[in-house]
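Novice: Each chain is listed here by its residues.
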Amino acid sequence: MMSITRLFASLVTKKLNILKLTSNYVPRCTYGLNNVGSNDPGIEIEEKKIVEEKTSLAMRAYLQRATLYNNFMEQQTHEFQVGKRHLANMMGVDPETFTQKDINEAIEYLFPSGLYDPKARPFMKPPSEVFPPKKDAEFDESGRPFHVFFYTGKPNFYLILHNIATKLSELNKFEDSLRKNNILPDDNKKLSSIGSQWLSKEDVEKLTVEKLSDYEYKHFTIAIERLLKHPCSYKYVEFIAQYQKPMITTKAIMESSPVEYTKDGKAYVTVKDCPRKSARADVTVFYPGTGKLSINGKGIEFFDDIQAREQILFPLLFTDMVEKVDIEATVRGGGISGKAGAIRFGISWSLRSFVEPETVERMRIAGLLQKDYRRRERKKPGQARARRKFTWKKR
Amino acid sequence: MKAYRRVCNYATAAVKQEAQYQIPTASRTDKKNPADHDSHDLSKFYTIDAKTVSSIFYTGGLPKPFVEQTTVFAETALMVRNPALEIIHSLKSADYHKPARRYLLYGQTGSGKSLSLAHILHYAYSSKFILYHIPYVPIWLKYGRKEVNWSPTKNGLADVPLIAAQWLKHFKHQNGALLDELNLTTSQDYIWSIRETTPKGTTLNEFISHGINRAKFACDCMDYLLNELKAHCSNNKCKMLVAIDGFNAFFNEKTDLKTEDRVKVTPQQVSMVQTGLSAVLSDWNNGAIVMVTSPRAALNTRRESHLPIYLIGRQGFEHIDPFIPVLVPELSTIEFNNMLDYYEEKRWLQKPGGRKELEFLTSKLPADLMLRCASL
Numbered sequence: 001m002m003s004i005t006r007l008f009a010s011l012v013t014k015k016l017n018i019l020k021l022t023s024n025y026v027p028r029c030t031y032g033l034n035n036v037g038s039n040d041p042g043i044e045i046e047e048k049k050i051v052e053e054k055t056s057l058a059m060r061a062y063l064q065r066a067t068l069y070n071n072f073m074e075q076q077t078h079e080f081q082v083g084k085r086h087l088a089n090m091m092g093v094d095p096e097t098f099t100q101k102d103i104n105e106a107i108e109y110l111f112p113s114g115l116y117d118p119k120a121r122p123f124m125k126p127p128s129e130v131f132p133p134k135k136d137a138e139f140d141e142s143g144r145p146f147h148v149f150f151y152t153g154k155p156n157f158y159l160i161l162h163n164i165a166t167k168l169s170e171l172n173k174f175e176d177s178l179r180k181n182n183i184l185p186d187d188n189k190k191l192s193s194i195g196s197q198w199l200s201k202e203d204v205e206k207l208t209v210e211k212l213s214d215y216e217y218k219h220f221t222i223a224i225e226r227l228l229k230h231p232c233s234y235k236y237v238e239f240i241a242q243y244q245k246p247m248i249t250t251k252a253i254m255e256s257s258p259v260e261y262t263k264d265g266k267a268y269v270t271v272k273d274c275p276r277k278s279a280r281a282d283v284t285v286f287y288p289g290t291g292k293l294s295i296n297g298k299g300i301e302f303f304d305d306i307q308a309r310e311q312i313l314f315p316l317l318f319t320d321m322v323e324k325v326d327i328e329a330t331v332r333g334g335g336i337s338g339k340a341g342a343i344r345f346g347i348s349w350s351l352r353s354f355v356e357p358e359t360v361e362r363m364r365i366a367g368l369l370q371k372d373y374r375r376r377e378r379k380k381p382g383q384a385r386a387r388r389k390f391t392w393k394k395r
Numbered sequence: 001m002k003a004y005r006r007v008c009n010y011a012t013a014a015v016k017q018e019a020q021y022q023i024p025t026a027s028r029t030d031k032k033n034p035a036d037h038d039s040h041d042l043s044k045f046y047t048i049d050a051k052t053v054s055s056i057f058y059t060g061g062l063p064k065p066f067v068e069q070t071t072v073f074a075e076t077a078l079m080v081r082n083p084a085l086e087i088i089h090s091l092k093s094a095d096y097h098k099p100a101r102r103y104l105l106y107g108q109t110g111s112g113k114s115l116s117l118a119h120i121l122h123y124a125y126s127s128k129f130i131l132y133h134i135p136y137v138p139i140w141l142k143y144g145r146k147e148v149n150w151s152p153t154k155n156g157l158a159d160v161p162l163i164a165a166q167w168l169k170h171f172k173h174q175n176g177a178l179l180d181e182l183n184l185t186t187s188q189d190y191i192w193s194i195r196e197t198t199p200k201g202t203t204l205n206e207f208i209s210h211g212i213n214r215a216k217f218a219c220d221c222m223d224y225l226l227n228e229l230k231a232h233c234s235n236n237k238c239k240m241l242v243a244i245d246g247f248n249a250f251f252n253e254k255t256d257l258k259t260e261d262r263v264k265v266t267p268q269q270v271s272m273v274q275t276g277l278s279a280v281l282s283d284w285n286n287g288a289i290v291m292v293t294s295p296r297a298a299l300n301t302r303r304e305s306h307l308p309i310y311l312i313g314r315q316g317f318e319h320i321d322p323f324i325p326v327l328v329p330e331l332s333t334i335e336f337n338n339m340l341d342y343y344e345e346k347r348w349l350q351k352p353g354g355r356k357e358l359e360f361l362t363s364k365l366p367a368d369l370m371l372r373c374a375s376l
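These protein sequences, in sequence, are chains D and S. Its first residue numbered 1, the first sequence is counted upward by one per residue in full-length UniProt numbering. Its first residue numbered 1, the second sequence is counted upward by one per residue in full-length UniProt numbering.
No lab work stands behind these hints: they were computed from the structure. C-beta atoms are modelled at their ideal positions from N, C-alpha and C, and glycine is treated no differently. Any given hint could be a false lead.
Stated by the list, open to error - Below, a sample of chain D positions facing chain S; criterion: calculated Cβ distance under 10 Å: (1) K167; (2) L168; (3) L171; (4) G289; (5) L293; (6) K298; (7) E301; (8) E310; (9) V322; (10) E323.
To be verified - Taking lysine to any residue and the SDA-like style, the derived pairs with C-alpha atoms no more than 20 Å apart in a straight line are: (11) D:K324 - S:L358; (12) D:K298 - S:K346; (13) D:K324 - S:Y310; (14) S:K351 - D:E310; (15) D:K119 - D:E202; (16) S:K356 - D:G291; (17) D:K292 - S:F336; (18) D:K298 - S:E68; (19) S:K356 - D:A58; (20) D:K298 - S:L307; (21) D:K324 - D:S294; (22) D:K298 - S:K154; (23) D:K292 - S:K356; (24) S:K154 - S:E68; (25) D:K324 - S:R355; (26) D:K292 - S:G354; (27) D:K292 - S:T333; (28) D:K298 - S:Y310; (29) S:K356 - D:G299; (30) D:K245 - D:G291; (31) D:K229 - D:K245; (32) S:K154 - S:S278; (33) S:K356 - D:L313; (34) S:K356 - D:E310; (35) D:K125 - D:V82; (36) D:K167 - D:K119; (37) S:K356 - D:Y373; (38) D:K324 - S:E357; (39) S:K356 - D:D304; (40) D:K298 - S:L327.
The following block holds chain D by itself, in its conformation from the complex (with noise of 0.2 Å):
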């Protein structure tokens, strides 16, 4: 591989990225006939010319296009950097250290925007986040494939799968010889898919730089589930964790808030801001209690409306909460509906400092310690709401 480069040092420019996935094949020697069997690169000086007759139509092409692209993201980082230093001068700051977060306020500043889209607002980042990376050689110069999968046409992907297999299948066998001395697999060792999930398709497109389909994401899914389930897995824990990315919220919501307490002895929980909409809620939690409830110093009767009382009601039915604990809720902003979301966030959230940890799972799962980010969609010009039309008429 170092050799390639040594070659092709005047076309290749060092930015160009060689092939990460190399570990698993046995780099071959690449120089021609007259090298066959050698892997010594004392007479490599001889080789060159006959190498760069010998190089293929498809390996030129490579080349002229990975130096096209490198020359264009040298022109583009050279461009940020001086337009970078050019913002900086233009606020009055330091253009040593003028970060990336400066330049978007910078930007934000100088040209404000009233698009609704975050996307379609301008901005300035560097050209690596803008521009897509691009596949290095997959293939030497005579043409021939790096790549034991490149003809599968998604060589990093199959790659996995492959591996994925073997391991499978070097668990059954492990797995038979246990059987054979009369082992069963351990059960604690067990792995267990909690607290973490598989890398979403985007990741593992990113990991691999190939464009996969559902089709491909399922398999791949559906592969390493069967690795993970297999009962002797956990021989195997570091290659399944590569694909596996934590469930960070989860951590987070398991977490109960901290108890305070009262003079007389109560325990209680408050939870400050809690969203829904464009509402607003502190919610107190009192435990033990008796079912007494407030809301902006009315009881339930605060909302008219059932839907609005059967969500504050839901998180202590599902509990069953009702008559232990006492709630006093401030709810401002919003509507009905906000208010009432607000408060029930508000107490579920502050409710898992009082119940069992599987209680808690259960909530989690019943979406009670989901916050709801989602808003009001805006009203579009040439329509009537957000998402009606007008009536059409035809004349």
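Chain D is already provided as a structure; the job is to place chain S on it using the hints.
Specialist: Chain S in isolation, oriented as in the chain D frame:
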């Protein structure tokens, strides 16, 4: 389909469900006369017989949803509750030589104030009180177009003649028989116009009939009637109960009424309101006054609190001071359970269980509960 019907005797595939639980029965009291009710009957139901209902409440007095429910249940059952019982007890033990006592029922919307008043009215009716009963004041001052004229007799006041005539009909329906029995007569000549006079000694029934037939004079008739009754009560000829539901509407800032010359009329400018206000003055004896303040009778911008001082204001408070405030609270646990038993007995509520949920959702307000159980 036909074949299927023949097989299972049902038009649809739904199979008739067997009652899987014992349908509970509500606890009731046998005492038909509210005068007999005591603390043993608390939170029990008693039934008013249809004849009495039609003679007291035929032309108003019971809330409309409740009336609908009574037609469904085919009986008018009221729950004996503490506020009404307290007032009845107080009415029984009152000293009628002293000026009329004033009671004020107040409470949240849907807590049962009007039905408590109905209970009291039933007591008064069966104890031969004359009922000077205004079913719901906002009916006078709100809802639809009404004919409003400036009063010919009282300067600056407006009459609502048809409504007044309607009320006189209501009064006559409630008290006609009793007035005949007591044989009350007018104490002076009333000159309505050049040709129309009511001489001294006319029976009050005839006097009222004149007001009904000549709606133009209905408002004045109402006023004179009140004065006559007050005088009769003070002379110990009869007893009277003044009952006003939605009393706080007298003190609202505005009404929906407009005279023909397009002047907006405030409640205080309506002659009937002035009559009503004079009815709650306790310058007479041998009777009692029961008022009900309700957030619903207030303007919809002033319903934050159900407390009387908020609803009737300082002016109204001074007008009726001193009075005995009686809070109509939400149902107690026993009352709540008995109410649900009653609904289950009547199959108004078709499923057992979920009582705690209902308790939470309705906060034990009976009107809310009735509405909530309708769909269950």
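Novice: Quick one: which hint numbers does this structure break? Sort them smallest to largest.
Specialist: 1, 2, 3, 4, 12, 13, 18, 19, 22, 24, 30, 36 and 37
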